[in-house]
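Asker: If you want the building blocks of each chain, they are given just below.
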Amino acid sequence: MIGREQETRKFRDRAAWFNFVVLFFFGLVVLRLYHLQVMMGSELRRYSEANRLKKEKLFPPRGIIYDRDGKVIVDSRASFDVVMIAQYYPFTEKVDKRLRKVLGMSEEDFERKIRKARKEKSFHPVLIESDVSKDVIAAIEMDTEEFPGVYIEASVQRRYPYEAISSQVLGYVGEVNDKEIKSYSRFGLEMGDYVGKVGLEKTYDEYLRGVVGAGYVEVDARGRRRRTEEGKKLFGFAAQTEPVEGSALHLTLDMDLGVAAYEAMKKNEFNGSVVALDPRNGEVLVMLNFPTYDPETISGREVSSKVWAQLSQDEQRPLRNRAIMDHYPPGSTFKLFMAVAGMAEGLIHKDTKVDCKGYMRLGNRKFHCWKKHGIVDLTRSIKESCDFFYYKVGLDLGVDLMARYARMFGLGEKTGINLPGEESGLIPDSKWKMERYQTPWQKGETLPTVIGQSFVLATPLQMANAFAALGNGGFAYRPYLVKRIVNQKDEVVREFKPELHRRAQVDPQILDLAKQGAYEVVNEPKGTAWWSRSRMIGFAGKTGTSQVRRFDNIKAIKCPEMPYADRHHGWFVAFAPKKNPQIAVAVVAEHNCGGARAAPVARDVIEAFVKKYPIPEEELLIPKALPAPREVAKDIKAVTPAEIEGDEVPLVEEVDE
Amino acid sequence: MLESETQKVIRSFNIELVVTVFGLFMIGLFTLYSATEAQGAHALVKSQIFRFLFGLLLGAGLIFVDSQILYRFSYLFYAITLVLLVLVLVAGHSGGGSQRWIGFGPVRIQPSELAKIGAVFLFARYFADDKKPPPYTLQRLLVPGLLIAPAAALILIQPDLGTCGILCLTAGSMVLFLGVDWKSWVIIGLIAAIALPLGYTYGLKEYQRNRVRTFMNPAGDPRGTGYNAIQSKIAVGSGRVMGKGYLKGTQARLNFIPEQHTDFIFSVLAEERGFVGSLILIILYFLYCMFALRTVTRARDQFEILLAFGLTSIMFWHVFVNLGMVVGLLPIVGVTLPFMSFGGSSILTFLLITGLILNISRKRYIF
Chain A
56 MIGREQETRK FRDRAAWFNF VVLFFFGLVV LRLYHLQVMM GSELRRYSEA
106 NRLKKEKLFP PRGIIYDRDG KVIVDSRASF DVVMIAQYYP FTEKVDKRLR
156 KVLGMSEEDF ERKIRKARKE KSFHPVLIES DVSKDVIAAI EMDTEEFPGV
206 YIEASVQRRY PYEAISSQVL GYVGEVNDKE IKSYSRFGLE MGDYVGKVGL
256 EKTYDEYLRG VVGAGYVEVD ARGRRRRTEE GKKLFGFAAQ TEPVEGSALH
306 LTLDMDLGVA AYEAMKKNEF NGSVVALDPR NGEVLVMLNF PTYDPETISG
356 REVSSKVWAQ LSQDEQRPLR NRAIMDHYPP GSTFKLFMAV AGMAEGLIHK
406 DTKVDCKGYM RLGNRKFHCW KKHGIVDLTR SIKESCDFFY YKVGLDLGVD
456 LMARYARMFG LGEKTGINLP GEESGLIPDS KWKMERYQTP WQKGETLPTV
506 IGQSFVLATP LQMANAFAAL GNGGFAYRPY LVKRIVNQKD EVVREFKPEL
556 HRRAQVDPQI LDLAKQGAYE VVNEPKGTAW WSRSRMIGFA GKTGTSQVRR
606 FDNIKAIKCP EMPYADRHHG WFVAFAPKKN PQIAVAVVAE HNCGGARAAP
656 VARDVIEAFV KKYPIPEEEL LIPKALPAPR EVAKDIKAVT PAEIEGDEVP
706 LVEEVDE
Chain B
13 MLESETQKVI RSFNIELVVT VFGLFMIGLF TLYSATEAQG AHALVKSQIF
63 RFLFGLLLGA GLIFVDSQIL YRFSYLFYAI TLVLLVLVLV AGHSGGGSQR
113 WIGFGPVRIQ PSELAKIGAV FLFARYFADD KKPPPYTLQR LLVPGLLIAP
163 AAALILIQPD LGTCGILCLT AGSMVLFLGV DWKSWVIIGL IAAIALPLGY
213 TYGLKEYQRN RVRTFMNPAG DPRGTGYNAI QSKIAVGSGR VMGKGYLKGT
263 QARLNFIPEQ HTDFIFSVLA EERGFVGSLI LIILYFLYCM FALRTVTRAR
313 DQFEILLAFG LTSIMFWHVF VNLGMVVGLL PIVGVTLPFM SFGGSSILTF
363 LLITGLILNI SRKRYIF
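Top to bottom, those sequences are chains A and B. Once you know that position 318 of the first sequence is 373 in this note's numbering, the rest is easy, because the numbers rise by one and skip nothing. Once you know that position 325 of the second sequence is 337 in this note's numbering, the rest is easy, because the numbers rise by one and skip nothing.
For the record, the hints were derived by calculation from the structure and aren't laboratory data. There may be inaccurate statements among the hints.
[To be verified] Sample of chain B residues at the chain A side, in silico, Cβ under 8 Å: (1) LYS245; (2) ARG252; (3) ALA282; (4) LEU305; (5) LEU341.
[What the hints assert, rightly or not] Computed cross-link-like contacts, EDC-like style, restricted to lysine to aspartate or glutamate with a CA-CA straight-line distance of at most 16 Å: (6) A:LYS65 with B:ASP313; (7) A:LYS112 with A:GLU230; (8) A:LYS152 with A:GLU201; (9) B:LYS256 with A:GLU98.
[As the list claims (entries may be wrong)] Coverage of chain B stretches by chain A, computed from C-beta distances (three or more under 8 Å per stretch; other residues unrestricted): (10) 297-304; (11) 326-337.
For each residue, glycine too, the CB sits at the ideal point set by N, CA and C.
Modelling step: build the complete structure from the supplied sequences, incorporating the hints.
Answerer: Printed below as a string of structure tokens:
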């Protein structure tokens, strides 16, 4: 083991040598320290005093949003904010007064900002006023001595050329908050960065946002900033990273149709929603809501608390995207799908005739039809919206078959459109009833259900999509708003293709019969939307009324006489042309008593479509009796009975035996 | 009898090493107080002292363990650290984007810290058992390389680039210390030249790549790690020769420096105590390494030599990588500064290492 001994001794000697290795490496650190602390020390000391070297954000322009024709719906412009670094601001009454005057702020607002600035860490810039005018910029920049510690910061402001059209769909942009910073952590967002708050701005934020750049600025003793060449020398790098512009969204929306829909809703002073789709692929052409707002007023670094309070507390909820977030009973528009269900199950056919006696008796209750129709066949039951006919169909089908067919068209579940907050609507069946109420389904519940009242709920988007599917032979596509996303180098980052959502396996002849009924609703005398027919095209549609409140004595008060909040909502869902639909439109006019009132809006959208996209002569099917040009009465009390005929919610009456 | 035994222990005790440790720890406490004055320094200092005392107890216990036992349990110890590393991946707590902690009741430990010591045990035992004399060729290094690979890999995927680096540097130092055949050097060099860019592209996570990029060009990411690197440099440099004075540093105290009480604690000292203070600290670390290396010359056998050398290596690399990172010589990786950085796992690890070194140094006199 002598060899081992020697080995061991050799290692001992070698260990001593490693002292020099350690010395060498630590020597490197000491040399570096000498360089930093002794040679560069005084320069670096200057930087550390008041931390002269500051990081400044360089905001990229956010991605532009285009409509399907390349029209700009949302873009950005440069804006300027007034900020303050408390460390350099004197906080004297004189300067306060001068600054407040230049900014034209109220005393109260100004005081709040000054208090905030005092509280902040002294070197953090605090926003005093965002998006100021050129005059303010000039006043502050020209006379820097007057406003120590106050300066102008470049920022980006979102711009919405179409103002209030589709604002709930587009969304708005604001400074990121604590909660969002956490959920977006993988993108490395910081306080002061912007994110989309709702709508498309939120859903596609990661594309639109771009990359915030940063630069170093040196702050002089007065608190002014300037770009530093010295810093570049000192740290040996280019002291700036350029911001990267966000990607552009190319939407499926057609703003020409959007303007038409907006004008129609506005003219009639309706609250509610308009959705238009391309039945051939699920592209959303129009989605807008009333009341609405101009997103520019709440987009940006700071929102006026007054404007925000007004919008968020408005009882009419202008911020809400009703088209997907609100669901209403679809009323008689639902009958179309029940007609399909009845035919598909062989319970009714083209020539089925029913004698409408004006009511149906079930147990000790009388379920009324809105009118005593007499002998009614299938197409007439749609055209004149006979409740009695569908009571019979409903009782024969039973709730579960009704639900099965309604769901085939995508009702009762989210359509899966890529927007936050979509409602799923509701198609009830016996299983649902048991789970929800622990009681079995009652026959008496089938009757209001088959005419789209009681439990049945659908969003405007769902109804538009279901009608689109009915029109195109049973294909319910997943509605989508974004066609493609293109980055600043003009490369397509993401592309969206039509996707089949639900398929209604129904004989096309059956669908054609239902479509014929819907055509007659508009284009035949006594049709419930006869007064809204068009001179340009014979479109198909169905009126509907959703009951807002239950009344014990509904007959006693006519809808127009009710208080606003109690009046029924009007639905009108349409598609055109009848044979191979290219557009499907759903309109909800809240508290307007009937679907016939909503029909002119859909007609205007369809007419705008026909003007823009020529339709083959043989598919136009212009009605034989052309309508005289006339306006819908604005005052609901002056509405002629003919206008809301067929839209009364049928009465259910308790009968004493 | 009992007295003479005690006398022996005292006489053989590497008292200068202990004094150095206390010196470093005291400087650490004062710096920690300054670094965290704004965020409840008292609580942090108190908990740091408590952890130090706890570590002292464990470290002192290790002094009296028979070296035969250490030898016998070397492989087992390494195996246990491997099991803990697997556990931490399966059931660990995460912090700062990586999964490094594992809890046993109220105690949370960082197995990667233990793994460094485990790896030293593994190599000490393996090479002590190897009867063929050095120099080592690549073929002969294959087996120990494969043995240590799982620990390195498990730490890398946590991900903890810093600790994995220390582990590899320590293992490498030990092999170097044993002696490597010159032909193998050439091959190692070639492999490294190929593996480094490949590892950079496929082995590292995006944020780790960012750090390396930032190190090469701090302006590439002035919002994130580049900002830290620059602010750290400013803090250190602004200390100049004499420093700004205790509790007078502005950079670290105003939160410009991230982790100013853990990984970046040296920047606080450098800013407040300047070049002179920094030099004193570095000299203390040098003394520690020197006293620890002296232990190697007192060791009885190959196993003890390698153990003492390996443990000293851990210490040395920790100091060098941490200081190098703070002064901008090396990329920013999460490596603590021994006895200075706040944190129980770090304090405990270095007290255990010191305990083991003291264990080896006393042997020569007792037997």
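Asker: Each hint: holds or not?
Answerer: We went through each hint and held it up to the structure:
no., hint, in the structure
1, LYS245, "holds, 6 Å"
2, ARG252, "holds, 4 Å"
3, ALA282, "holds, 7 Å"
4, LEU305, "holds, 5 Å"
5, LEU341, "holds, 5 Å"
6, A:LYS65 with B:ASP313, "holds, 12 Å"
7, A:LYS112 with A:GLU230, "holds, 13 Å"
8, A:LYS152 with A:GLU201, "holds, 11 Å"
9, B:LYS256 with A:GLU98, "holds, 14 Å"
10, 297-304, "holds (count 4)"
11, 326-337, "holds (count 5)"
The structure shown violates none of the earlier numbered hints.
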